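Trainee: Listed in order, the protein sequences are those of chains A and B.
Counting from 0, one number per residue, gives the positions in the first sequence under numbering that gives the first Met the number 0.
Counting from 0, one number per residue, gives the positions in the second sequence under numbering that gives the first Met the number 0.
Just so you know, these hints were derived from the structure itself, not from any lab.
Please read all numbers here as calculations on a predicted model, not as lab measurements.
One thing to keep in mind: the hints can contain errors.
Restraint ranges, calculated between C-beta atoms of paired labels, are given here [what the hints assert, rightly or not]: (1) V185/B x A324/A: 26 to 34 Å; (2) G23/A x P17/B: 28 to 36 Å; (3) F141/B x H22/A: 32 to 40 Å; (4) P294/A x V185/B: 35 to 43 Å; (5) F141/B x R431/A: 53 to 61 Å; (6) K161/B x V134/A: 42 to 50 Å; (7) V442/A x P17/B: 43 to 51 Å.
Computed footprint of chain B on chain A, listed as stretches where at least three residues anywhere in the stretch have a Cβ under 8 Å from a Cβ of chain B [claimed, not checked]: (8) 175-186; (9) 189-199; (10) 220-233; (11) 243-253.
Glycine included, each C-beta is placed from N, C-alpha and C at the ideal position.
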Amino acid sequence: MSTESVGWTPTELAARPLVDRLHGWVTTVDHKRLGILYILYAIVFLVVGGVEAVVMRIQLAQPHNDFVSPQVFNQMFTMHGTTMIFFVAMPIVFGFANYLVPLMIGARDMAFPRLNAFSFWLTAFGGLLLYFSFVGGYGLYGAGTAPDVGWFAYAPLTSKTFSPGHSTDFWTLSLLVAGIGSIGGAVNLIATILCLRCPGMTLGRMPLLVWLNLTVAGLVLLVISPLTAAQMMLMIDRYLGGHFFDTQAGGSAVIWMHFFWVFGHPEVYVLVIPAFAFASEIIPVFSRKAIFGYPVMVAATVGIGFISMAVWAHHLFTIGMSAAANTFFVLSTMAIAVPTGIKIFNWLATMWGGKIHFRTPMLFCVAFLFQFLIAGLTGVMLASAPLDWQLGGSYFVVAHFHYVIVGGILFCLFAAFYYWFPKMSGRMYLERLGKLHFWLFVVGFHLTFDFMHIPGLLGMPRRIYTYEPGRGWDVWNLIVTVGVVFQVVGILVFVGNLLWSLLHGERAGSDPWDAWTLEWSTTSPPPEYNFATVPVVKSRRPLWDVKHPEDPDWRYEPGGAG
Amino acid sequence: MSTTAVAAPAGGLRWELPSPGKVGMFALIAAESAIFVIFVVAYLFYLGKSLTGPTPAILHTPVLITVCLLSSSLTIHAAVAALRKGKGGLFAGAWLLTFVLGAIFLGGTAREWGHLIRVEGLWIDTNLFGTTYYSLVGLHAFHVTAGLLLLGTVAVFALLGKVRREHAEPVDILSLYWHFVDVVWVVVFTVVYVIGR
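Could you build the full structure based on these sequences and the hints that come with them?
Mentor: Now the structure itself:
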C-alpha cells in the first residue's frame, strides 16, 4: 500500500490565483472537496441557526421580556428548527459520508461524481431559498417575512387563508429542493458502497461507519420521499386550489401530521445513526481495542432503521387516536430502545479493558455515551402514552429532543471534526483548545438542557414568546439562558481552533492516531485519486494488518489462516 | 491502476460487484415508490369524503391505453434483448414501438382529462376527489412524460445508428425505469378504477 503522495504539491496549489482556486471549488466533482463544501456550508448555517436560538433564549430569559415581538419569535423557532435539521445536520451527515466512505472502502470517488455535485448544489440552493424569504417573503399581501408556521408546519395554519404571502412557499420549496438533493446523495452513497469496494472489502469487513451510512442512505430514500410528496400536496393546495388539508372541504389536518411524521421521526435516526457511526470508529481507536460485537452492531443498526419507520404516530398521542393505535405505537417506540441499548453496551464493552486515551475526540464520545443514555431514557418516558398526554407540547419534549440532537448528535459531530480534521487539512488542531471547547460545551449543555426539563414538568408550553412571572419558571429559564453563554463561547473556541490550526497547525502526517481504517493509509490531505494503488483488504482492520504482520486480524476471521 | 495489488490475496480471489447504474436506478425507484405510496394513501383515505361535486362513478376504465402501456414493457424488453445480441435494426424498431405505445397512453390520459374537465366539470379544485384524482394520475403521467423524453432521446440516437451493443447496459438501466412506470400504473389503475369506484 502506498502511503506517499504522488504529484501533489501544496505550494503549487497555493500559488494559483484566488479566482482559479474558487473556480476549482465551484466546479469540483471530487468527493473530498464536495464533502468539505457540505461541511463548511453546514457550519455557516450552524452559526445562523445558533444565533436564532440565542435570540429565543434572550427573549425567554425573564418573564414579560420584549427583546423581540411575538411575530419574530415565531419566525425564530421556525427557522431555527428548519435550519438545524435540513441545512446543518443533513449536510454535515452527507459531508462526512461523502468524504469518508470512498476513502474507507478503498475507492477512487463516489459512483456518480456529477450527481454528487448536483446534490450538493441543490442542498445549497435550498438553504439560500429558505433565507431569501427574509427579503423576498412579503408576497402580494405584504404579510409575513420568514416562515413562521413551525418546523412541522401543521395544517391548516399553512393554508392560504392563515398564511398569506409567500413565506410558507419559501419553506415548502426550499425543503422540496433540498429533499431532492438528499435523495440524490443517498442514491449515490448506496451505489458507491455496494459497487465500488476495493478487493477483499466484503460487506462483513466494511468499517462500521460505512455500514451505518448504508443504513442511513436506505432510510433517506424511504423517508425523505414522503416529505417530498407531502410538500407537493401542500403546493397543490396553495397554488391550484386543492383540498388535501382543507378541512372545510372534507380534507384532513391530521393526515398532514401523519405524512410529516412518517418523515419526521425516522429523520431523527437519519441524523443519529451517523453519530453512532462516528462513535463506532473513534471509541475503538482511542481505547486501543477492536470494536466489540461488530455483527451485533450492524444488526442493531439495521434493526433501528426498520423499527424507526413504525414509530411516527407517537407524535400524535396528544391528538387522540384509537386505543389499538396508541398501544401499537407505545410498544414500537419502546422496542426501539432495545437495539439502541445494545449499541451503548457494545461501546462500553469496547472501552472495557482497553487502554483509553482521553484526547478531544474521545472526550466528546464519552460525554455522548452518558448524554445519549439520558436522552434515550426521557424518550422511553415520552413513549408511554399517558405520560405523553401530560408532557406533550411542553418544554420537557423540547429538552428531550435537544438532549438527543445536541447531547448525542452534536457531541459526536464535534468528535468527528477533531478526529478527521488532521486528515482533511493535513494539520493537527490544538489539543488544549479542543479540551477547553469540550469542557465549556459540557457545562453549557448541561446548564441549558438539564434544567430545561424542569419548567416542562411544571407545565411551561413550547413556542410561547413570553410568560407570566411567579409560576415557578423564572429561575429555570434564566439558568437555561446562562448555559447558552458557555455554548456560544465553546463554539467560538472551536471555530477559532480550526481556523488557526488550518494555517499554523503542526503537520499531522498520514496517520496521527495510529488508526486501522483505510483513510489513514493515504496522505493527509489525500491526493485527488485517493490511493496510488488499489488497496487489498483481508480483515476489518486493514491498517492493523499492515502494521502488525506478525499478528494480523485476518488470522482470527472465520475461515482465516489461523 | 496496478493489477499486481488486486491479484495479491491468496486463493485467487474473484471480486465481482454489481453495476453502479443498476443499483442507483433501483435506489431511485425505491425513493419514487415512497412518493407514490403517500399519494395512493391520500387517494384511498379521501375516497367518499368529498362534500360536493362529482364522484369516482364518472370515470371510465381506460382499457385500451392500459393495454398499450403494459405492452410497452414487453417491447422495451425485446429491444434491450435485441441490442445485447447486436441486432441494431430490431432494437430500433422495438424501441420506437415502445415510444409510440407510451405516447398513445399519454394521449389517452389527455383525452380522458379533457372529457372530465369539459363534460363532467371536474378539475383539481372542484372537490377532494378532483384533488386526489388529478394528483395521483397526474403524478404518474408526469413520470410517463419523463420516461418518454428519455426514450425519445435514445430513439433519436437509434435512428442515427449511434446505439450499439456496448450501450446495452445504460439502455437496460433506462428500461428499468420504464418497467417501474408500468408497475406503478398497475397500482394506480387498481386503486383508481377498480377499488375506488
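Trainee: Next step is simple, just say for each hint if it's right about the structure.
Mentor: Against the structure, the hints come out as follows:
no., hint, result
1, V185/B x A324/A: 26 to 34 Å, "holds (30 Å)"
2, G23/A x P17/B: 28 to 36 Å, "holds (33 Å)"
3, F141/B x H22/A: 32 to 40 Å, "holds (36 Å)"
4, P294/A x V185/B: 35 to 43 Å, "holds (39 Å)"
5, F141/B x R431/A: 53 to 61 Å, "holds (57 Å)"
6, K161/B x V134/A: 42 to 50 Å, "holds (48 Å)"
7, V442/A x P17/B: 43 to 51 Å, "holds (50 Å)"
8, 175-186, "holds (count 3)"
9, 189-199, "holds (count 9)"
10, 220-233, "holds (count 11)"
11, 243-253, "holds (count 5)"
Of the numbered hints stated above, none is contradicted by the structure.
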